[in-house]
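Novice: Take a look at the letters that make up each chain.
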Amino acid sequence: MLATAENPVAASAGISARLLESMVRIRMVEEAIAAHYPEQQMRCPVHLSIGQEAASAGVCAALRPDDLAMSGHRSHAHYLGKGGDLPAMIAEIYGKATGCCQGRGGSMHLVDLKAGFVGAVPIVASTIPIATGLAFADRQLKRDRVTVAFLGEAATEEGVFHESVNFASLHQLPIVFVCENNLYSVYSPMSVRQPAHREVWQLAAGHGVVSHQGDGNDPLAVYALARAAAAHARSGQGPVFLELKTYRWREHCGAGFDNHIGYRTEAEYLAWRERDPIKNFERRLKASGEFDVLRHEQFKARVETEISDAFAAAQRAPFPAGASLMNHVYAAS
Amino acid sequence: MLATAENPVAASAGISARLLESMVRIRMVEEAIAAHYPEQQMRCPVHLSIGQEAASAGVCAALRPDDLAMSGHRSHAHYLGKGGDLPAMIAEIYGKATGCCQGRGGSMHLVDLKAGFVGAVPIVASTIPIATGLAFADRQLKRDRVTVAFLGEAATEEGVFHESVNFASLHQLPIVFVCENNLYSVYSPMSVRQPAHREVWQLAAGHGVVSHQGDGNDPLAVYALARAAAAHARSGQGPVFLELKTYRWREHCGAGFDNHIGYRTEAEYLAWRERDPIKNFERRLKASGEFDVLRHEQFKARVETEISDAFAAAQRAPFPAGASLMNHVYAAS
Amino acid sequence: MKPASRELTYAAAIREGFAVALERDPRVLLMGLGVPDPKGFFGTTTDLQKQFGADRVMDMPCAENGMSGVMLGAALNGLRPVLNHQRLDFAMLSMDPICTQAAKWSYMFGGTMKMPVVFRMILGRGWGQGPQHSQCLHSWFAHIPGLKVVMPTTPHDAKGLLIAAIEDDNPVVFIEHRWLHHIKGEVPAGHYTVPIGPARLARAGSDVTIVAFSYMVLEALEAAEKLAEHGIDAEVIDVRSLRPLDQSLLLASVAKTGRLVVADTGHSTAGMAAEIIAIASESAFGSLKAAPRRVCFPECPTPTSPTLSAEFYPRAGHIVAAVRTTLQRPPHDDDLLVPAGAELDKPNPAFTGPF
Amino acid sequence: MKPASRELTYAAAIREGFAVALERDPRVLLMGLGVPDPKGFFGTTTDLQKQFGADRVMDMPCAENGMSGVMLGAALNGLRPVLNHQRLDFAMLSMDPICTQAAKWSYMFGGTMKMPVVFRMILGRGWGQGPQHSQCLHSWFAHIPGLKVVMPTTPHDAKGLLIAAIEDDNPVVFIEHRWLHHIKGEVPAGHYTVPIGPARLARAGSDVTIVAFSYMVLEALEAAEKLAEHGIDAEVIDVRSLRPLDQSLLLASVAKTGRLVVADTGHSTAGMAAEIIAIASESAFGSLKAAPRRVCFPECPTPTSPTLSAEFYPRAGHIVAAVRTTLQRPPHDDDLLVPAGAELDKPNPAFTGPF
Ligand SMILES: Cc1ncc(C[n+]2csc(CCOP(=O)(O)OP(=O)(O)O)c2C)c(N)n1
Ligand SMILES: Cc1ncc(C[n+]2csc(CCOP(=O)(O)OP(=O)(O)O)c2C)c(N)n1
Ligand SMILES: [Mg+2]
Ligand SMILES: [Mg+2]
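The listed protein sequences correspond, in order, to chains A, B, C and D. Converting from the first sequence to the numbering used here requires adding 162 to each position, the first position being numbered 1. Converting from the second sequence to the numbering used here requires adding 162 to each position, the first position being numbered 1. Converting from the third sequence to the numbering used here requires adding 121 to each position, the first position being numbered 1. Converting from the fourth sequence to the numbering used here requires adding 121 to each position, the first position being numbered 1.
None of these hints come from the bench; they were simulated from the model. All residues carry an ideal CB built from backbone N, CA and C; glycine is no exception.
Label pairs and their calculated CB-CB ranges:
#1 A325/D with A483/A: 43 to 49 Å
#2 A358/B with G176/A: 40 to 46 Å
#3 E420/C with R446/A: 51 to 57 Å
#4 G407/C with D354/D: 21 to 27 Å
#5 E128/D with D471/B: 48 to 54 Å
#6 K171/D with E420/C: 41 to 47 Å
#7 P351/B with E420/C: 40 to 46 Å
#8 G164/C with P200/A: 18 to 24 Å
#9 Q202/A with Q368/D: 40 to 46 Å
#10 R446/A with S353/B: 45 to 51 Å
#11 E464/D with M190/B: 26 to 32 Å
When the alpha-carbon atoms are kept at most 20 Å apart in a straight line, the in silico EDC-like pairs for lysine to aspartate or glutamate are as follows:
#12 K160/D with E428/B
#13 K467/D with E432/D
#14 K467/C with E201/A
#15 K160/C with E413/A
#16 K235/D with D228/A
#17 K235/C with E420/D
Okay, the calculated bits of chain B under chain C, using three or more residues with CB under 8 Å as the criterion:
#18 256-263
#19 270-282
#20 299-308
#21 321-335
#22 483-494
Make the full structure from the sequences, and use the hints.
Specialist: If you want it as structure tokens, here you go:
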């Protein structure tokens, strides 16, 4: 589904459909996880990206398959957008031996090296310097890859974010920092964490890094920003920082809705639901005549099957054997 | 010598003489340390501020005695500028029981709470959040004090600098970050540490903090910046960041000169020596008729005595008893 | 007069300890990601912000290192702050302020300054907390002179040690195990302290000494019950305070039983269990009748999958087996059996996820 | 054929190890504050940048946490980086990338990734290094599964273990004591490795086993000489690798001597010395004839003043005294005497400051 190196997405023909499909697929997977989660068979924390699909879809569509990406605790969308293996992800969330980490990681530790998704970890901001190191190695080894570091806006509060951006700026590394600003860190609003009188993108600008703010719910806007950013980074002009404004619909962790508990208002939530990246984009494509109903329905049907197959396989799959507990503590040299 | 709370330095009468005297005293102390260091009786690393005296003199002259200051490895000037006890400092460098830390700290750990000098530690940037915490407590307890965090430009590379500035900006804390940019971190020039295409002050500006760059070798310019900054911070308008351009004359650590070893050029060094903060200021005061030769000579003679007394006392003083080794590991509650 | 006692959960006891401290001393300040949020930090801070105001019960930026330093400055300048971490793993970003700064300021500044700060950390376990949300590094902190380190097991001790920690003029690392929060016990109302230092005799016995702390005391007590069924009378010591460590209770017990098993909720290599065995070997060598044993995590990161984490965490049965070994009794196959239907990855029976 | 040997200092041996590794494998990269500077990192990196270029031997921003993470990414993506810290204390800013990330990536990603990275750290001591430039926290790293931790004592082992560390596909913490840099010893030219794991018999003996590592091996050997004068024949084991730890040499020695003294260049509580005593107590209980003893730092931060630091650091005499105790011999007053004129705060006799 993603572009190949020979057929880069730079050719914008069909991009709208691809963006829509990527978002829809992510949404459908996340909804399926939400639906199954109460069965208590996915026994690990899950952080869903419903409402934030445009960021992953738009950014990943601007990348080459051999480009790299890393993420944090909320990584399903990025993994899927980058082309990560769906059954391996679902099995991993189920803690199964067939999972992408053989069950050792769970939802917060996804990896698919074939897809260039190098990993995600739940310590906020910890993959940002690692992603910077990927870009550094590519620069040292004269590869023309780009690395994307996906992060939440709370990650910009961690010092290591700044240390990474400084290093990337110093060495003009081929990295794009993609910050999904969804206004919250768990239940904590921006007002208790960051000064009201400056924007997140200004932090990176302070480091001398090209920085943009964009509508994180508009996949085409994201795609345009990301294409320019990837081109900039790939051409050796240095890192780019993108702040994408968006909103998570469901609770921070888990499958439910939690506006009622009081950390944010129902009105705010409803206003953002109005800005549903998928519905709005569909509407736009319909208006411009770019929406192919049949193709889209067929796509959804295919994904439906893909998802139910993935869940069925994950549920069927064996748990890792207790005897394998000590495997992989060290790599054999 | 420093202003008292009743007689704040805001009244600028006599400020020039005071700035000059503060600089000269710091220089004389540091030169005395340099002269005695080869005797191998000060058995700890020392980081001298010769060439950088204007920063401490200018900033501290803008503070009230009850304002607070912290510093790092290169803290002699800040301690003295803030009114720290000279004999206690010299004794501390000699490792004596009469030192400001009873010999437990050495040159890199100075403290004089009576003077509002809360402490210095050699882990780069580690006092920055602590100073921010001092300002936070003053704000919480509704005291109208200001805290100054002295730092080198390398400290702005540490993530904790950004975490501190973000918190200060968020809560509009009464703190002034004073960065002496002397172009080097040990032997490492800026070019291997920070991007050439942005200035240090822009980092703080990125956090929405009022930031200025100034000539760190001009004590009046520093004083003017610091006065405005302290007033701003004290009035509840939030933190200020000052980048003061300056240069260290001697080796990073120790008493000698080290331009010959090759990390910087003799030409660069000589150009900066031309910008000697003391000589130039003296010249300026002479030109404007503000220089009182007699008073100045008397001042220097007094300081000469003060210094030789401090060294003599330190040399005479007892070492801490071995039996006191375990004292103060814990404070008695 | 002893204050009135009620049954409270451990979480409620912590919350009450905070309330007492905030009430008594205006300098006390609570800081931490999510401290004022609706979930109330596993119920340990619920409504404290409402009660004591947003100036004293505060959220913060996601910046553990910097905020730890800020707490040190606040402690030096008139406040008595408590920095709360939902996971010990997050505090690992702040080893410099905790261990290089806070632990050393009293000493290295010659006693001129006090550092009354509490670093509160919760040990994660279960429901896929996995490798990065369940590290148990209490032994790291215990290794550092200048820190005090407490790990209360009972609601009574949780409240009393929390208040003692807040009232202490030294940096205290206060570590809770997530699986203790729902445990109920007698808790006196109002103000009281449990002194930092003395261990607690959790169960008297004569055949073997089991030393444990935090959650592992519960497993040790369960093990003692099982051992009693086999005619083995185990003494259980709840260490409570890792630094300072109460050697006397430990040594007196070993002198009596001659056998030692240490159950730690962490890794073995250079950990607290090694320390306790070293102390017994150095100072009660003559009393020891058999090789002491450790019950610790296997030497691998915490896996996420429920089957692997069931294999990873030592339980009462592991302690029973270790006791049999040190008593030179034959092993029992069923010591490590897991009862059918047991869900070993839940913090408490009512838990349904997600965190 | 054995490669030719020459006498080299430990510092020169490290430098040569780097040169060999950089020469053989274009993926090897050296990073660190001051790595290319004129002082050459205590002479361990002198001129390597000239020889191998600024792309492979690099300085960096003062940002230990971030740069550690960058090294991990570089290691995942085709390089074999070595991050150099002039003091272990600076590495404490990067416990997350080292212990929460690097140590766990192979495991938690199910073996999909390798992390060939070396964290090199120097332990400071003397000339007023004081509380924040002389922390010895090797035991922290040894506590973490997924890391390897080596502390070579001899120039031979320094070079061989450094090359082995760089060639290892796992994160290795490589710790040097500042007081070893001037020590001379036989070093083979060219490429060779010393395997990570096996301990070294530094001196054979029959009366007591002294286990030590890094600089303390020198003190242990000096102690053994003094003990020999008193007719006590000490065996000295140089642990070399803290994780994995070679239990067999240690246990065989204790089985032979029945007496154990452990000399650590760090604090005792929950440290490596406790671990080694615990291992001996668990696995060689029957052989132990007397209580084992630890020789460690006193439980306070490192003081700066020369008189206090002389009191702080354990020396050969402390080991001698501990051996006497474990052999139930009477103490000698002169064990701890410092010879007149001795300067206990200098890394080496030629040292005149400042760092
Ligand atoms: C270092 C660290 N501190 C705290 C946490 C707890 N935590 C988990 S997710 C999260 C929120 C992060 O917010 P943001 O980066 O904005 O991402 P979002 O959840 O909004 O997608 C926090 C604070 C953590 N995992 N790591
Ligand atoms: C965290 C940490 N990293 C590295 C060092 C080693 N170090 C000591 S002083 C220094 C230079 C700091 O440069 P700067 O902040 O510009 O201050 P300057 O010495 O120029 O006054 C460094 C890197 C340290 N002390 N702490
Ligand atoms: Mg967010
Ligand atoms: Mg500098």
